[in-house]
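Could you build all of it, start to finish, from the sequences and the hints given here?
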Amino acid sequence: MARLGMVIDLKRCVGCNACTIACKQENGTPAGVHFARVINREVGTYPNVKRTFLPVLCNHCDDAPCLKACPTGATFQRPDGIVMVDDDSCIGCRACAVSCPYLNRHFIDHGMLQKGLSDDGLTPFEQVKFAGFQEGTMTKCTFCAHRVDHGLQPACVITCPTEARIFGDLDEENGILQTLIRERNSWTLLPEAKTKPCVYYLDE
Amino acid sequence: MSTQTVAIVSHRFGYGFYRQAWWNWLIGSAFFFGEIGAGFFLVSQLTGNFTGMVLGYLIVMVGKNTAHLKFLGRPMRFWRAALRPDRSWIARGIWATGLFGVSGLALLLKNSGQISLSDSTLALANTVASLSALFIMFYDGFVMNFSHAVPFWHSSLLPVLCLTYAALGGTTLTITLRELQGVHDAYGVVLLRTEFVLLVLNLLLLLIYVKRMSSSQVAAARETVRLLVKGPYAKVFIGLVILVGLVATLLLSLAQNQIQQNWLAVVIATCELTGDYAFLMVLLKSGLFSPQTAPAYARG
Amino acid sequence: MATAVTPSVTRGDGQWLPSTCGMCLHGCGIQVYVEDGVALKIEGDPTNPDNLGKLCPKGNAGLSRLYDPARVLKPLKRTNPVKRAGVDPGWVEIEWDEAMDIVARELGKIRKDDPRKLLVAIGDFQRILFWGWPAVFGSPNFFTSLGNYCGGSYHPVNGSVDGSFAAINDYERCNYWIQIGSGDGFSSHLHVSGSSKRMADARMRGMKLVVLDPRLSTAAAKADEWIPIVPGTDRAFVLGMAHVLVHELDRYDREFLRQRTNAPYLVGEDGFFVRDEKGRVLVWNERENHSGAWDEVPADCVALLGSFEINGKKVRTGFQVWKDILATHTPEAMSQVCTVPAEAIRRIAREFVDAARIGSTIELEGKTYPFRPAALNYYRGSQSHSNGLFDNMTYKLFNMLVGNIDVPGGHLGVPLDTRGFFVSPGESGQLKPEPHQLHPAPPFKYPPDSTHLMEWFPIGFDAGQLNTETILSPERFGLKYQPEAMMLYHSNPIWNMPETDKVEEIMRRMKFVVAIDIHLTESTQWADIFLPDRTYLESTLLNCLEPPVVTGHSVRQPVVEPLGDTRDAYEILTDLAQRMGFLDNWNDLLNIVCGFAFNTRYLLEPSKRYSVEEIYDRFAHSIYGDDKGLEWFKKQGHTYRPRTAKEAFEPYGNLRIPFYFEFIKQTGAELEKQLKAHGVNDWPLENYLPLPFWKPSQVIEDGKKGYDLYAITFKDVIHTFGDTVVMTWLTEVSEKDPIHQGILINSKTAKKLGVETGEKIRLVSPGGRIEGRAQVVEGIHPQVVGISNSITREYVTNDKVNYKGSHFNRLLTGSLRYTDGATGGLESTARVRLEKVSY
Ligand SMILES: Nc1nc2c(c(=O)[nH]1)N[C@H]1C(S)=C(S)[C@@H](COP(=O)(O)OP(=O)(O)OC[C@H]3O[C@@H](n4cnc5c(=O)[nH]c(N)nc54)[C@H](O)[C@@H]3O)O[C@H]1N2
Ligand SMILES: Nc1nc2c(c(=O)[nH]1)N[C@H]1C(S)=C(S)[C@@H](COP(=O)(O)OP(=O)(O)OC[C@H]3O[C@@H](n4cnc5c(=O)[nH]c(N)nc54)[C@H](O)[C@@H]3O)O[C@H]1N2
Ligand code: SF4
Ligand code: SF4
Ligand code: SF4
Ligand code: SF4
Ligand code: SF4
Ligand SMILES: [Mo]
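Chains as they are written, first to last, in the numbering used here: chain L, 1 to 204; chain X, 205 to 504; chain P, 505 to 1343.
None of these hints come from the bench; they were simulated from the model.
Watch out, some of these pointers could steer you wrong.
[What the hints assert, rightly or not] Listing some non-contacts, in silico: residues in chain X with all C-beta distances to chain P over 12 angstroms:
id	residue
1	Ile212
2	Val213
3	His215
4	His388
5	Ala390
6	Ile412
7	Leu468
[As the list claims (entries may be wrong)] Listed below are the simulated DMTMM-like cross-link pairs for lysine to aspartate or glutamate, each with C-alpha atoms no more than 25 angstroms apart in a straight line:
id	chain 1	residue 1	chain 2	residue 2
8	P	Lys1304	L	Glu135
9	L	Lys11	P	Glu1282
10	L	Lys50	P	Glu1260
11	P	Lys1304	L	Asp120
12	L	Lys11	P	Glu676
13	P	Lys1252	L	Glu135
14	L	Lys50	P	Asp705
15	P	Lys818	P	Glu836
16	P	Lys1256	L	Glu42
17	P	Lys712	L	Asp203
18	P	Lys578	L	Asp119
19	L	Lys50	P	Asp728
20	P	Lys1255	L	Glu42
21	L	Lys11	P	Asp705
[Claimed, not checked] The calculated label-pair distances, taken between Cβ atoms and stated as ranges, are:
id	chain 1	residue 1	chain 2	residue 2	range
22	P	Asp517	L	His110	30 to 40 angstroms
23	P	Asp517	L	Asp63	12 to 22 angstroms
24	L	His110	P	Lys1256	33 to 43 angstroms
25	L	Asp149	X	Pro279	48 to 58 angstroms
26	L	Lys196	P	Glu867	29 to 39 angstroms
27	X	Val433	L	His110	30 to 40 angstroms
28	L	Asp203	P	Phe776	33 to 43 angstroms
29	P	Asn1306	L	Asn48	49 to 59 angstroms
30	X	Ala423	P	Thr832	51 to 61 angstroms
31	X	Leu313	L	His110	44 to 54 angstroms
32	P	His943	L	Asp120	43 to 53 angstroms
The beta carbon of each residue, even a glycine, is placed where N, CA and C say it ideally should be.
So, in structure tokens, the structure goes:
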């Protein structure tokens, strides 16, 4: 069984948020919910100043605190490592949200599925997409499991204009992911949280 | 690179600390009711005060549970929360609450003569009720401290603090109840001493907690301390939690030792419970997530 | 296990339809997934070699444009006769027939009276084939600053140098890329979806990127080096570098200049070339020390440099003339102007010429080309200034110094579409300059026909911003009529033009305004009739617009049943033509612009009404033959393929490209005669010069009047102009980025002025004033304030948009004084002073 993961090459990334919006349309998330985001930051002082772009999504942690915190088992991990929420079992206690150090849990609060682009009524697109969510439950990035299961790459990956996002099998010792992780200066987010993220970053 | 101060951001696209906002006042209230209710029940049980047991039981079973259910996105499925006691403190808490509900009810019915229990059953009910009450008094500390994500909560002192606060609350409520009932027995002095010890202990633990967090390796924990001590929550934390909830109560209970007045007992209880509630609320509100950035830029 | 673990249904039994993105003008390849008549996903078309399956954020947000609840889906009629900014027009829905009747009647009256009285604002680049509608109506007037705000000076110079429309550096081979005032490869300009990957690949292989921008743009953020610069002074920086190459290092591509350009052509003291009696331009024979016709002196004897005497008259080579000009443009002097340290100017010039590998060659597709892997790329920011002609010339000349024009590794022209470069022989072995890429230069006319005086811009673009000056003071320019009606079509002139209050004044004067749009905007709020167009996901066309590395066409097709009661803009225009009785002229025009005139099989009959599908079916067949019609495109999507080396490199062949832009001087002299003959003596002719140099612009002058800061505007990858700010999907992301949160101001400047983030401030320029919130940042030049397009909208229909109404263009002045007299390019920078707003 593969261990799915992602490498994000920060040298390539231009902070465009195409991933953010691609995820938005793929998953049809309600207003304000973004499984993919780009953390935008200005570092330094003029004229020695940089802007850094850090695209983030669920790390599908090997040692996922969200999973351990979930009292119902609604959060589960597939054998390929994808961490998902079964929203039929979720009670909306938000323990997972409090436990994810990466802010990658999203709560579908009451009323959110009634409001789309407009406050009164949903667009045909939203009618289809919102039907996949349940109010009062937690949702999150699925690594596009529905695509992956069809042999497709995640939506944020295929759209990335700079090909900064590389998706694949972390178990392949000489696969593209491990090679990049080995050969470039690589790291994961908040290692001190000991979550064993499966999204790796390559230095700028 | 300069040393730019890290801000608290209001959305997840920003770089900076991010406020814990998922657990709100309903969770704070549930924790509060759980702690003081179970504490009340336990202390009343130990001092043989039936009314206190009833009140403590109701605070837990009605107060805590209502707040929890109101908070849940899907309250009808609440029972699912009990499914993973092997890994979740919430699940364990549910089990404890369940056990407390059954054993406590048995005790109350027995005490009020509604049912009769065999000695062994009664002993079992007593033990289970005490232990589950005890569990309810501190498990919320584990629920919070389980989260590494909010570094300020991630301290082994937190469950201890919850326990001592619960014990304090329970003791205070019991004393007050007894004062109002006009009960005067051998427990009176013990309770007052316990109260005094707990107040001092709580104050010490709280100071140690904050002191420890202020020199934490993790910036988010230090930032929370700043929020509590100098920032927007300083009024609540120093004013309500420390001064009203602990220092004032400490002084008042010294006076109470001398004069033993009904009204004073009520004042002390009000101060103490206010401090307790404020502590839980401020704990939830000031929780921060760490900023995420590349190691190269970690230091601004 | 629950079924609803994923909210996505994008892989059901629906189908994928190929099409073309229309979220910006460029048109990347897309495919749209449609199920049960609902469009559920847009992805990049992976078979399209232009964007390679990728989409920028705007392209990804297309469904929220299609399904935008604020779209207008039925024709609207105004009921409130009072027209003023902020006044509710009192729209009521009406039927198409009634709407078209009214428009045809009102415009028909104008047409009968004087068709020039119609002002037209067209911004629909993908339907560029229909831009001639105003012309067949009879009006020359373009009431928009559209391409002039960006390409006013750019396109004419590109067209003159190599018959191209735009330009880009060679992503694949360039090793040293200087980028000035442009988002190419990062955030804007050509097909950003695809170019972002090409740029990333280049950076990964070690290409060095130096970015000049007053602001820490995305390009600057990702560059090896960001050089903050004072707006409008980029030319000084580049002139300084040219000085270094020519005067200090003495390093430049002599052979390229000598053989591929007119740099060795001899120039007399009058500034014109010296010609023999047969009209051939002379060059100097170094070996034999005398002059000769350009085609008679052996190539290896032609002098590139030098001052000589012919018949007692002093002559210099064109190159010598520029060298002499450059003598005073030392890095020190230029540094004073642009604030970039002289040492940086020197170092970058040296790195550039080192990287250019002058003399090296490369073999591609069996042919040997010069290899010059260093190039300077630039766009709107660096040359949309009132001396934009000189800006553009400078950048081209600097590239020419290393011989990199249209050679591998270098600075490559990009044709407007599949027709490729406009290359034909001109005078004396030179390439014929094609400054006009969109329409032929209109002949001089006095009194002028057009409100934007296009007859007085023989080499320039359409100077839309001059509408305000001419219409409000017609006597000054001899304009003999007053416009009375306006057609808005995919354009928001109140947003896009400078000096907004004057634009509004003109709108106010209009007796009738019709808008063809999908949304209500600042401009359409002045309309009497609103005709709802279809979005790009509901309409039909074949597109090819400035694709930087590919050639071909891609289809746009309706992927869903069009929403509501809308009509394709082509159908609207054609119906109007028919109703007003000029369908035949309209078809005639289409025959020409669509190329049917050259393939009579597909010629349109004059009086027949064709559907949009028929037009593009013929268009496809006429280019791609019998087997490729619209239906073929609807299935296959596109015919894009990478341009071959032969198509991309050295399009000028043996023709010399201009180094010394003599034709500009000639054109100016010619224009001067004509203007003088009609008593126009105050027309700005001073920019009709053959070579660029530094001279301060009006904006620099304004600085002396207490306007101590510069204000600039910019585009970012997530928005198209201010238009897409109404799209919640985009805005809910962009509004979280500090660069889109307010008026950007450097922290030191803010401190000096006592301004903090979030504080309300006012900017006052010689042209106007705006208010907004300050956003204090590090990444901007201390003398500059920056205003993202995303905070500039003043009227939007989406109340979820937290727009800020700091409309940058209110700061600009649309007058001649802020216009490049030669190209019509406008000044897009304003001098401002900052005031705190107290309550
Ligand atoms: N995402 C996106 N892409 C687009 C468009 C869009 O709206 N959005 N519009 C399309 C159109 S029509 C055009 S014209 C192109 C324009 O494409 P660009 O020319 O790339 O766009 P701008 O952002 O207008 O200008 C580029 C940069 O110039 C900087 N700048 C401003 N003034 C100066 C100056 O005086 N000197 C220097 N060196 N820099 C300066 C700005 O900060 C900005 O970063 O993009 C096209 N593509
Ligand atoms: N402040 C500031 N001003 C600028 C610029 C800037 O960067 N900053 N950029 C300048 C430049 S380079 C340019 S090219 C111009 C561009 O300025 P515009 O030409 O005004 O921009 P567009 O986005 O082409 O046109 C906007 C209008 O098109 C409508 N529209 C969108 N899609 C459709 C459609 O499918 N059909 C129809 N009929 N209408 C549609 C929108 O609703 C909107 O009303 O602005 C110039 N002005
Ligand atoms: S789409 Fe790619 S380049 Fe753009 S922000 Fe996301 S990761 Fe970066
Ligand atoms: S990133 Fe957060 S949500 Fe994702 S697996 Fe890790 S802890 Fe869970
Ligand atoms: S909100 Fe749902 S997924 Fe999260 S911990 Fe609670 S039950 Fe589990
Ligand atoms: S993997 Fe899929 S769900 Fe996750 S961020 Fe990317 S597009 Fe969104
Ligand atoms: S660059 Fe323009 S055409 Fe291409 S995907 Fe983005 S918006 Fe669409
Ligand atoms: Mo433009």
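Cross-check of the supplied hints:
no.: 1; hint: Ile212; in the structure: holds (14 angstroms)
no.: 2; hint: Val213; in the structure: violated (9 angstroms)
no.: 3; hint: His215; in the structure: violated (5 angstroms)
no.: 4; hint: His388; in the structure: holds (60 angstroms)
no.: 5; hint: Ala390; in the structure: holds (58 angstroms)
no.: 6; hint: Ile412; in the structure: holds (38 angstroms)
no.: 7; hint: Leu468; in the structure: holds (49 angstroms)
no.: 8; hint: P:Lys1304 to L:Glu135; in the structure: holds (22 angstroms)
no.: 9; hint: L:Lys11 to P:Glu1282; in the structure: holds (22 angstroms)
no.: 10; hint: L:Lys50 to P:Glu1260; in the structure: holds (21 angstroms)
no.: 11; hint: P:Lys1304 to L:Asp120; in the structure: holds (13 angstroms)
no.: 12; hint: L:Lys11 to P:Glu676; in the structure: holds (17 angstroms)
no.: 13; hint: P:Lys1252 to L:Glu135; in the structure: violated (48 angstroms)
no.: 14; hint: L:Lys50 to P:Asp705; in the structure: holds (21 angstroms)
no.: 15; hint: P:Lys818 to P:Glu836; in the structure: violated (31 angstroms)
no.: 16; hint: P:Lys1256 to L:Glu42; in the structure: holds (21 angstroms)
no.: 17; hint: P:Lys712 to L:Asp203; in the structure: holds (17 angstroms)
no.: 18; hint: P:Lys578 to L:Asp119; in the structure: holds (21 angstroms)
no.: 19; hint: L:Lys50 to P:Asp728; in the structure: holds (11 angstroms)
no.: 20; hint: P:Lys1255 to L:Glu42; in the structure: holds (18 angstroms)
no.: 21; hint: L:Lys11 to P:Asp705; in the structure: holds (10 angstroms)
no.: 22; hint: P:Asp517 to L:His110: 30 to 40 angstroms; in the structure: holds (33 angstroms)
no.: 23; hint: P:Asp517 to L:Asp63: 12 to 22 angstroms; in the structure: violated (39 angstroms)
no.: 24; hint: L:His110 to P:Lys1256: 33 to 43 angstroms; in the structure: violated (49 angstroms)
no.: 25; hint: L:Asp149 to X:Pro279: 48 to 58 angstroms; in the structure: violated (33 angstroms)
no.: 26; hint: L:Lys196 to P:Glu867: 29 to 39 angstroms; in the structure: violated (51 angstroms)
no.: 27; hint: X:Val433 to L:His110: 30 to 40 angstroms; in the structure: holds (36 angstroms)
no.: 28; hint: L:Asp203 to P:Phe776: 33 to 43 angstroms; in the structure: violated (57 angstroms)
no.: 29; hint: P:Asn1306 to L:Asn48: 49 to 59 angstroms; in the structure: violated (32 angstroms)
no.: 30; hint: X:Ala423 to P:Thr832: 51 to 61 angstroms; in the structure: holds (55 angstroms)
no.: 31; hint: X:Leu313 to L:His110: 44 to 54 angstroms; in the structure: violated (38 angstroms)
no.: 32; hint: P:His943 to L:Asp120: 43 to 53 angstroms; in the structure: holds (46 angstroms)
Figure legend: structure checked against the earlier numbered hints; hints not met, in rising order: 2, 3, 13, 15, 23, 24, 25, 26, 28, 29 and 31.
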